[in-house]
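Engineer: Here is what each chain is made of, one letter per residue.
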Amino acid sequence: MNDQATAPFVPTIRPAGLCGMLVTFGDSLTEPANRAALAFSAAVERAGLDGVEECAPSLVSAFVRFDPLHQSHADLTAKLTALLEDQDWHAAPMPTGRRFIRVPTVYGGTHAPQLEEAAQAAGVSVDVAKADLAEARVRVQTIGFAPGQPYLGLLPEHWNIPRQTALTKAVPEGALVVAIRQLVLFSVSNPTGWRHVGQTALKLFRADSDDPFFLRPGDEVQFVPVEADALDRFASDPDGGAEIEAIT
Amino acid sequence: MTALQVHRIAPGVTVQDMGRTGYLAYGLSRGGALDRVALAEGAALLGQSAGLAALEMPGAGGVFEARDDIRIALTGAPMRAQIDETTLVWNASHRLPKGARLTIGPVTAGSVGYLHVGGGIATPEMLYARSAHLAAKVGAAISDGQVLPIGPDNGAETGLSLPTDARFDGGAIRMVASFQTDLFDAETRGRFEATTFTRDARANRMGMRLNSDGAGFQAKGGLNILSETVVPGDIQMTGDGVPFLLMAESQTTGGYPRIGTVIPADLAKAAQVPAGKTLSFRFVSRDEALDAERRHRAYLASLPKLCKPLVRDPSQIRDLLSYQLISGATSGDPK
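Going down the list, the protein sequences come from chains S and G. Under the UniProt record's numbering, the first residue of the first sequence carries the number 1, and numbering increases by one thereafter. Under the UniProt record's numbering, the first residue of the second sequence carries the number 1, and numbering increases by one thereafter.
Mixed in with the good hints, there may be bad ones.
What the hints assert, rightly or not - The following label-pair restraints were derived from C-beta to C-beta distances:
| no. | chain 1 | residue 1 | chain 2 | residue 2 | range |
| --- | --- | --- | --- | --- | --- |
| 1 | G | G221 | S | A235 | 38 to 46 angstroms |
| 2 | G | D291 | S | N160 | 25 to 33 angstroms |
| 3 | G | Q82 | S | G97 | 54 to 62 angstroms |
Rather than coming from a laboratory, the hints here were simulated on the basis of the structure. Even for Gly, the Cβ is constructed at its ideal location relative to N, Cα and C.
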């Protein structure tokens with residue numbers, strides 16, 4: 001994430017549809033903004049505000065779902081403003097219980113057909129692209145889009161590549177895709193505008209399990225290159241051959 | 001426990017209730033019935049909770065048989081329906097005798113119909129709800145030959161109907177500005193409101209593509225904005241400026257800019273627009289949207305009072321003798 005100190009961003013509170021409010025901690029993805037979003041979302045949850053029905057962090061915001069007939073926009077805004085003033089949210093610590101997870105990944109080839117295209121967009125050779133992605137130790141910034149699906153970042157600046165103009169019809173479960181200095185690992189097969197550069201055997205969402213979501217915000221992940229036939233070996237392992245250690 | 005035997009089923013039929021809340025932070029959208037009004041209507045007709053699960057039938061239904069005498073209600077998009085040879089009134093409750101064959105054909109208006117049973121469809125809960133969430137691979141579409149358990153029915157009344165409303169033909173939809181509306185300039189917003197959109201045939205539970213002639217609707221900042229929380233009713237623009245209306249099974253976050261959010265009171269109408277029919281969108285103020293929400297909830301709460309007995313033509317009653325015609329006199333069928 002951006003390491004440079006930037007001018008402090010004054011958090012904003014904006015409506016998200018009729019029954020939602022979005023409290024935003026940055027206009028671009030920085031580590032302090034991400035930490036603020038995670039910590040503030042947890043704080044709203046703990047505060048048990050009247051009329052608030054659900055709270056969820058995104059990359060740099062906390063989304064608050066509420067009943068607008070039970071609690072007016074103005075009153076909720078006042079309460080969220082008061083909570084914002086409680087502390088310097090940009091300085092909040094990372095969530096506890098974080099883990100470092102190394103996930104076997106096949107780059108390029110038929111498993112991940114857009115590595116070359118993505119490398120071109122980033123202005124590097126395929127080999128450099130593969131090395132960039134394989135060496136990056138990225139952090140789960142939020143879980144979203146699909147169940148258990150992480151947004152991970154940040155990649156080096158030259159990976160600030162745009163999404164495609166048209167959607168790829170579907171990438172498979174376990175697909176590693178890239179855009180705007182971030183990686184997303186797909187938890188279910190879905191259409192996407194991001195480019196498919198790697199493939200894993202990781203099952204991120206296990207609907208039948210007591211613990212259905214594998215990754216949590218704050219976890220750190222490295223996508224370790226393996227040969228294409230390794231995926232078959234991990235097919236029966238829901239962790240996809242991943243090695244997990246606690247971050248202390 | 002009684003059950004509903006599914007002999008044949010149209011593609012994409014699922015069990016749906018009000019969906020799952022509390023999983024947004026884990027990337028799982030609420031899901032649940034596309035037409036929540038239809039769930040409330042079914043509950044009113046059967047005198048039971050709107051939280052019970054029903055079958056959501058996109059486009060067409062199937063052929064069913066009950067293991068015991070049960071009560072059913074048919075709501076949402078009107079479909080051709082029969083019990084054996086008798087045609088059924090839509091938006092009404094009926095008795096489905098044991099062994100009789102319930103056939104639900106294609107829609108005649110709208111896009112999604114609902115089959116409710118007295119006691120609700122009682123398939124096992126998954127993550128605290130019965131809704132299939134196809135996009136998340138939670139549950140799956142119903143298949144031929146499946147047997148659906150039915151919960152205990154505490155009611156007995158059938159033969160009630162509700163007036164059909166006007167939500168099955170597309171038309172004007174209200175939306176509110178949202179946090180990315182300003183990414184679209186005034187000219188683009190104005191043109192969006194002035195455009196008549198046709199629902200694309202490929203709509204599903206995640207969303208529907210809205211087709212129109214002329215230029216796309218581009219946002220400033222284009223394809224590099226940060227992914228941000230999505231709510232059902234959001235209208236997002238993909239890179240080529242084509243709007244998608246996001247529905248019950250939408251993704252929870254997304255990076256395509258959103259021009260506005262359909263108000264909850266109009267979501268059922270938007271979901272019911274048939275393929276090839278048209279929708280148009282208009283921004284309303286927050287106050288107007290809140291007023292619409294108040295009226296909408298009052299309407300849903302009034303549904304039980306709006307239920308009226310079906311006017312029956314005795315010649316059309318298939319098993320006249322089994323009805324209790326006069327209090328105290330019973331049918332000729334000893335039980």
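Engineer: So the hint says 38 to 46 angstroms: do the beta-carbon atoms of G221 of chain G and A235 of chain S match that?
Structural biologist: holds, 41 angstroms
Engineer: Take a look at whether the Cβ-Cβ distance between Q82 of chain G and G97 of chain S falls inside 54 to 62 angstroms.
Structural biologist: holds, 58 angstroms
Engineer: Falls inside 25 to 33 angstroms, the C-beta gap from D291 of chain G to N160 of chain S?
Structural biologist: The hinted range 25 to 33 angstroms is violated for D291 of chain G and N160 of chain S, with Cβ atoms some 44 angstroms apart.
In terms of the numbered hints stated before, the structure departs from hint 2 and from no other.
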